[in-house]
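Asker: In case you want the letters, here they are:
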Amino acid sequence: MTYLDWAATTPPDSQILAQAAGIAVESFGNPSSNHKLGLEAKSVLELARRQLAAVLYAQTHGEKGHLIFTGGGSEADAIALLAVLRQAMNARRDGSIKRLHIVTTEIEHAAVYEEAHLLKALGLDLSFVKPESDGRVDPQKIAAAVEKDTALVAVMAVNNETGAIQRIAEIAQAITGAAAAFGRKSPRFHVDAVQALGKIAFDPQAAGVSSAAFSAHKIRGPRGVGALWVADGAPIEPLALGGGQEAGLRPGTESIQGAWAFAQAADAAAKSFDARMALARKLEARLLSGIAAIPGALALPSGRVAGDPRYSPFILSIAFPGLSGEVLVRALSDSGIAVSTGSACSSNSKRSGRRVIEAMGVAPRLALSAIRVSTGDLTTCAEIDIFLEAASDAYRRLKT
Amino acid sequence: MDAFYLIKIGEILLKLGNRKEFENRLRSQLNERFSKAGITHKIEMYPGRYFVTVPEENATDAEFILSRTPGVNGYARAIKTEKTVDAVLAAAIEVARERLSRGLVRFKAESRRSDKSFPLGSFELSAKIGEVVLGAFPQAKVDLHTPEFTINAEIRERAYVFADAEPGMRGLPVGSGGKGLLLLSGGIDSPVAGYMMARRGMSLEALYFHAYPYTSQEAQDKVIRLARILSTYAGKLVLWTVPFTEAQLKIKKDARMDLTTLMMRMGMMRVAHLLVPRIGANCIITGESVGQVASQTAENLRLTESLTDYPVLRPLCGMDKEDTVNMAKKIGSFDISILPYEDCCVLFSPKHPMLKAKLERETEAYNELNLEPLLVEALDKAERLEIE
Numbered sequence: 001m002t003y004l005d006w007a008a009t010t011p012p013d014s015q016i017l018a019q020a021a022g023i024a025v026e027s028f029g030n031p032s033s034n035h036k037l038g039l040e041a042k043s044v045l046e047l048a049r050r051q052l053a054a055v056l057y058a059q060t061h062g063e064k065g066h067l068i069f070t071g072g073g074s075e076a077d078a079i080a081l082l083a084v085l086r087q088a089m090n091a092r093r094d095g096s097i098k099r100l101h102i103v104t105t106e107i108e109h110a111a112v113y114e115e116a117h118l119l120k121a122l123g124l125d126l127s128f129v130k131p132e133s134d135g136r137v138d139p140q141k142i143a144a145a146v147e148k149d150t151a152l153v154a155v156m157a158v159n160n161e162t163g164a165i166q167r168i169a170e171i172a173q174a175i176t177g178a179a180a181a182f183g184r185k186s187p188r189f190h191v192d193a194v195q196a197l198g199k200i201a202f203d204p205q206a207a208g209v210s211s212a213a214f215s216a217h218k219i220r221g222p223r224g225v226g227a228l229w230v231a232d233g234a235p236i237e238p239l240a241l242g243g244g245q246e247a248g249l250r251p252g253t254e255s256i257q258g259a260w261a262f263a264q265a266a267d268a269a270a271k272s273f274d275a276r277m278a279l280a281r282k283l284e285a286r287l288l289s290g291i292a293a294i295p296g297a298l299a300l301p302s303g304r305v306a307g308d309p310r311y312s313p314f315i316l317s318i319a320f321p322g323l324s325g326e327v328l329v330r331a332l333s334d335s336g337i338a339v340s341t342g343s344a345c346s347s348n349s350k351r352s353g354r355r356v357i358e359a360m361g362v363a364p365r366l367a368l369s370a371i372r373v374s375t376g377d378l379t380t381c382a383e384i385d386i387f388l389e390a391a392s393d394a395y396r397r398l399k400t
Numbered sequence: 001m002d003a004f005y006l007i008k009i010g011e012i013l014l015k016l017g018n019r020k021e022f023e024n025r026l027r028s029q030l031n032e033r034f035s036k037a038g039i040t041h042k043i044e045m046y047p048g049r050y051f052v053t054v055p056e057e058n059a060t061d062a063e064f065i066l067s068r069t070p071g072v073n074g075y076a077r078a079i080k081t082e083k084t085v086d087a088v089l090a091a092a093i094e095v096a097r098e099r100l101s102r103g104l105v106r107f108k109a110e111s112r113r114s115d116k117s118f119p120l121g122s123f124e125l126s127a128k129i130g131e132v133v134l135g136a137f138p139q140a141k142v143d144l145h146t147p148e149f150t151i152n153a154e155i156r157e158r159a160y161v162f163a164d165a166e167p168g169m170r171g172l173p174v175g176s177g178g179k180g181l182l183l184l185s186g187g188i189d190s191p192v193a194g195y196m197m198a199r200r201g202m203s204l205e206a207l208y209f210h211a212y213p214y215t216s217q218e219a220q221d222k223v224i225r226l227a228r229i230l231s232t233y234a235g236k237l238v239l240w241t242v243p244f245t246e247a248q249l250k251i252k253k254d255a256r257m258d259l260t261t262l263m264m265r266m267g268m269m270r271v272a273h274l275l276v277p278r279i280g281a282n283c284i285i286t287g288e289s290v291g292q293v294a295s296q297t298a299e300n301l302r303l304t305e306s307l308t309d310y311p312v313l314r315p316l317c318g319m320d321k322e323d324t325v326n327m328a329k330k331i332g333s334f335d336i337s338i339l340p341y342e343d344c345c346v347l348f349s350p351k352h353p354m355l356k357a358k359l360e361r362e363t364e365a366y367n368e369l370n371l372e373p374l375l376v377e378a379l380d381k382a383e384r385l386e387i388e
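Protein chains in written order, with this note's numbering: chain A, 1 to 400; chain B, 1 to 388.
Any given hint could turn out to be false.
[What the hints assert, rightly or not] Restricting the straight-line Cα-Cα distance to at most 30 angstroms, the calculated cross-link-like pairs of lysine-lysine (DSBU-like) are: (1) B:80 to B:141; (2) A:399 to B:381; (3) B:358 to B:253; (4) B:250 to A:399; (5) B:351 to A:399; (6) A:399 to B:8; (7) B:8 to B:80; (8) A:399 to B:252; (9) A:399 to B:141.
Calculated directly from the structure, the hints in this document are not laboratory data.
Predicted, not measured: the structure shown is a model, and the values here were computed from it.
Bound conformation, chain A alone:
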């Protein structure tokens, strides 16, 4: 199979996973236990935490904020978003605030977008900011959406369908400025950084955000483990409670092997960053020129060029006007090529249409024809060529 769906998930690093299995068996103690086995397990867990933190704090080299392990990226997002409900409850109790407001964007991953809709249904006020036609959200528009009662702003770092890199540091500053104009301190700023980890230089501490979500399986780590970084001075009151593990934010006995494997995968991704980036740029250029040679096909957003710093080179959205993306995905799958229509997580949902692409102002019919091609460190130029040829053939044959 020619695997070009790395943004959905990545082939796990078999060496790391094999070692992790050994750790699961050897260090099986409960890290909350006070006996030797428990302490041993705890030391593995804490080592993993320090290792992952070192990767995340690449720019600041600080030890500020804290990092907790979760059951995945979506859970990390949920912990940060649902905490607003505790805030709302506290505010109602002391009568300080009558309403709570959240700002997010139209291009968030379902893990944030659907959660935001839940919060809306539960009575909070929501503002959804649209991206510009290049797929990036204007920091000033985020600032303009901030109100006196805004409790949370959530913006993703790298879009999972278009690869558009959001200007997180600028947004953080703009939010602070907007809040100051109301005489308020800056609202919490949560960043879904699941597609950013290992793909762009993103240090949550340096960017000035309050919390950030990460996932292991997008960087060749195992499924079922993610992380939430929380800044000092921006404590989260979680909704799910239990045994107090992970600083009380994520109850449940920790997955030692998961945390360990996540840290190793992140470390490997950081060490290979420059080489992977160079490869991704090369693949991106080959893809873009190949697409340009297929009559009718076009990259979305249409202004994207090879080496464009506005986009992660690992992710590219391509439209094939007149052929539904879903149909092309099936046809390519029959030719042994794995791509997707967009977020794998939303291609199962009943919500029709292509929210993220349409939000950039792309006409629904064209948006429907888009597929996502995403590459990784094992992708080769030959695979890109295989894809281009098969897509070109299928498009010619099936276009209506």
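Got chain A sorted already, so can you dock chain B onto it with the hints?
Answerer: Chain B only, in chain A's frame:
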């Protein structure tokens, strides 16, 4: 212990000359269904009443089958006793005990007596049943007008005592009405159309047009699930999946934009026409209903119908959409039909389809397309799946 059921039949009773044939059909249908379910059973037939005995552990499955077999008007778990007053009264108390344990209180008793040698008349027997039930259960109350349950006693070749019958599917036994080829899509209507014709005694085979990759594997799986539901009513059925992509692409390429839907439907009807004689069917069944979508106008139906000389039965033709939906819910197909794997035919459907086809003009357009070779080829490649 065995579970003993009394089966009521309805429409079969109206048959005169060939009633025996209908009865035999029903018997063989029941035999087939019980055997398929692996239930040892005994069927007894007396004029106007059938009985089936199954092991107690199969009671739930047996009731499932009885409720879904066309020709069965209703069924009731019954007690079979000897024809003595004491035995009948003892059985009546058992029947009452079961109903009372479900919190039902108000009751009446009804008796029928075809054996006139039984010592009590019908009226006297009913009164006696009321008396002993009231005596045995202080909470029971007689209510002749709005009873919560009825205790029935029938004195025939033996005596039977049972409470209210559960409704069956009614209609006629499958096979008595010949065989129909059902055009089955993944939508709401066609399974209901199949159900309705099965109830008229038709055995079914189903035809599904698969336009992969335009339609997904999930869409096909959905149709298989619908066929399975249908087969719980219609009995064994065969699902034919015909690959339709090439024909559809040809239509898209060569037909006039506003005619694409019509041409596609004509092509489908033609494939059905070719399949009917091969499977020994004698009609085509569709879920069409007048005015439901643009292609379903009387003019357009005339055109699609012109491609076959077999009768095209459209049991939903005069039905309101809401009625169809309610029926789909009742038979259990609705939740599957509304799964989101629709046919991606949206890319094929014109914005402004032809509403009032002219027979000669559009037939000419269809003939010019020269679809027939593609249709024959598609039918040759059809997959046959037996569903039980």
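Asker: What hints, given by number in increasing order, does this structure fail?
Answerer: 6 and 9
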